Amino acid sequence: MLWLWILIGLLVVVIFALVVYFNRFNVLGNRIDNSLSQINVQLKRRADLIPNLLKTVKGFAKHEKEVIKEVTDARKALVGAKDLEKKVKADKNLEGALGRLFAIAEGYPDLKANQNFLELQRELSATEDKVAYARQYYNDSILSYNNLCKTFPGIMFARIYGKQAREYLKIAEVEKKVPEVSF
Amino acid sequence: MEYKRVDFRDEISSNKWKSFFLMFVVFIVLIIFGYAISFAFEPGYFFIIMIFAIIFSISYILISYYNSAKIAIASVGAKRASRSEHKEYYRLVEGLTIASGLPMPELYVMPSKQINAFASGRDPQHAVVCVTAGALEKFDRRELEGVLAHELSHVANYDVRYMTLVAVMVGMVAIISEIFLRSLWFRNRDDKGKGVYILIGVVLAILAPIVVKLVQLSISRKREYASDATAVKFTRYPDGLINALKKIKNDLVKPEKQVSKAVAPMFFANPFKGLTSTHPPIEERIKKLERM
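Going down the list, the sequences are from chains A and B. Residue numbering for the first sequence follows this note's numbering, starting at 4 and increasing by one per position. Residue numbering for the second sequence follows this note's numbering, starting at 356 and increasing by one per position.
Honestly, I wouldn't trust all of these hints.
One-sided excerpt, in silico: chain B residues whose CB lies under 10 Å from chain A [claimed, not checked]:
(1) 443
(2) 451
(3) 453
(4) 456
(5) 458
(6) 550
(7) 552
(8) 602
Once the Cα atoms are required to be at most 20 Å apart in a straight line, the calculated DMTMM-like pairs of lysine to aspartate or glutamate come out as [what the hints assert, rightly or not]:
(9) A:85 <-> A:69
(10) B:442 <-> A:51
(11) B:602 <-> B:533
(12) A:47 <-> A:109
(13) A:47 <-> B:449
(14) B:602 <-> B:461
(15) A:65 <-> A:131
(16) B:442 <-> A:36
(17) A:79 <-> A:109
(18) A:95 <-> A:126
(19) A:115 <-> B:638
(20) B:577 <-> B:533
(21) A:47 <-> A:113
(22) B:442 <-> A:109
(23) B:442 <-> A:69
Bear in mind the hints are in silico, worked out from the structure with no lab data behind them. What you are looking at is a predicted structure, and each value in this text was computed from that prediction instead of being measured. Glycine included, C-beta positions come from ideal geometry on N, C-alpha and C.
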């Protein structure tokens, strides 16, 4: 009789652990997918802001054709990019082109003082932060998922459910976020 | 000292567990206290005292827990931040919600020249973040971001829930001590042989509130350090927070009259200079951040 109870107790523990780990894997997996789509959302938002910016710039600095074209092309590359790695790379190019555009804008006092322009400039740098944060969160999510897959007892359940560690986004981190270290 | 990265999700579960543990401890303390008191008086008193104390404290817990955000906002006279007027504020918090995976909190501005901020709400779904107008004006973007990240860390770590429970515990112990000490006036004169228990009861009644208050303050200080660390995890940029703390340290605006001492623990920096106990010294916080 006692053995039966022990057996039932063990069974309950095993089923409980199976359920908990099944949910844990799925919650963390969903978090990765969700943060991935967040990166896409922010990149799209960034691309959507560019036409407005260019319209404003053209109003004040029509003959800066070269840099305007550069930004336009970079945006096109971003919109046309198929997978995430290409998109993030295109976003980097776009950021460089925008940097040059904003540097040139310094030479146009009217443009520099334009409320619309300033607002777009702030909005663009905010979306750049958001892209960086979304990538950071994406990598963090993969970290917790992989920790679960590779540490005991998660590793056993990972085998049972056929879950595998996931790949990180393979792009250099954005430099802005790295603080200078001084000792 | 090396900075150990703490995943805020681990921190959440440890805080949830601690909250549960705390409730359990409160319950035990209550029983032991009641038992000691019942020895000093008739058992009949014990039940009456306990029933009143429990009803009172449970309603207190529930009301302050479910309305923590509303109470906090109302007590400092904060107004809802308008999206068109405080674009930068919204943008920064949006960025941080992406970095932390938290839902968007409600944003408030408190009309005060002082530099300060606080967060409240029982869980991330009901969170509010409030900054002073002085903070919006004096901080640059990175500094404000650091402070907002610190406040969101309190939300992510369920600090409001935890600190509410701690405060309730402190309040309950104080109330029971008070009831006991006052009830001594109405004691029957013929209680011979109960002197020892009464003496123990009196000592407990005097010491217990002091001890739990000290525990509360020490927990509160620990939570501040934890929030600084989590804020850095969100922004990966300790300098923002460091500069913000330095700016607060050098800020000379006089403390606000409208800030009640009861809400001091939830602020980013202590609104009362001199009463530094709810927060660790700013210098210490800067030192720890510089090591990250």
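Should the interface hint for residue 550 of chain B be scored as holding, given a Cβ-Cβ cut-off of 10 Å against chain A? Violated - the Cβ of residue 550 of chain B stays beyond 10 Å from chain A, reaching only about 51 Å at its closest.
Straight-line Cα separation of residue 442 of chain B and residue 36 of chain A no greater than 20 Å? With a Cα-Cα distance of about 29 Å, the restraint between residue 442 of chain B and residue 36 of chain A is violated, given a limit of 20 Å.
Run the distance test for residue 115 of chain A versus residue 638 of chain B: straight-line Cα separation, threshold 20 Å. 39 Å, violated
For a C-alpha distance cap of 20 Å, please report whether residue 577 of chain B and residue 533 of chain B respect it. 29 Å, violated
Restraint outcome when residue 602 of chain B is required to lie within 10 Å of chain A by C-beta distance: 18 Å, violated
Between residue 47 of chain A and residue 449 of chain B, does the CA-CA distance stay at or below 20 Å? Between residue 47 of chain A and residue 449 of chain B the Cα gap is close to 16 Å, so the pair holds against 20 Å.
Run the distance test for residue 85 of chain A versus residue 69 of chain A: straight-line Cα separation, threshold 20 Å. Given that 20 Å is the threshold and the Cα spacing comes to 26 Å, the pair is violated.
With a cut-off of 20 Å on the C-alpha distance, tell me whether residue 602 of chain B and residue 533 of chain B pass. 42 Å, violated
Minimum Cβ distance from residue 456 of chain B to chain A below 10 Å? 6 Å, holds
Should the interface hint for residue 552 of chain B be scored as holding, given a Cβ-Cβ cut-off of 10 Å against chain A? 44 Å, violated
Need the status of pair residue 442 of chain B, residue 109 of chain A: alpha-carbon distance at most 20 Å? Violated - the C-alpha atoms of residue 109 of chain A and residue 442 of chain B are around 23 Å apart, more than 20 Å.
Going straight from one Cα to the other, do residue 95 of chain A and residue 126 of chain A come out at no more than 20 Å? Holds - the C-alpha atoms of residue 126 of chain A and residue 95 of chain A are around 17 Å apart, at most 20 Å.
The earlier numbered hints that this structure contradicts are 5, 6, 7, 8, 9, 11, 12, 14, 15, 16, 17, 19, 20, 21, 22 and 23.
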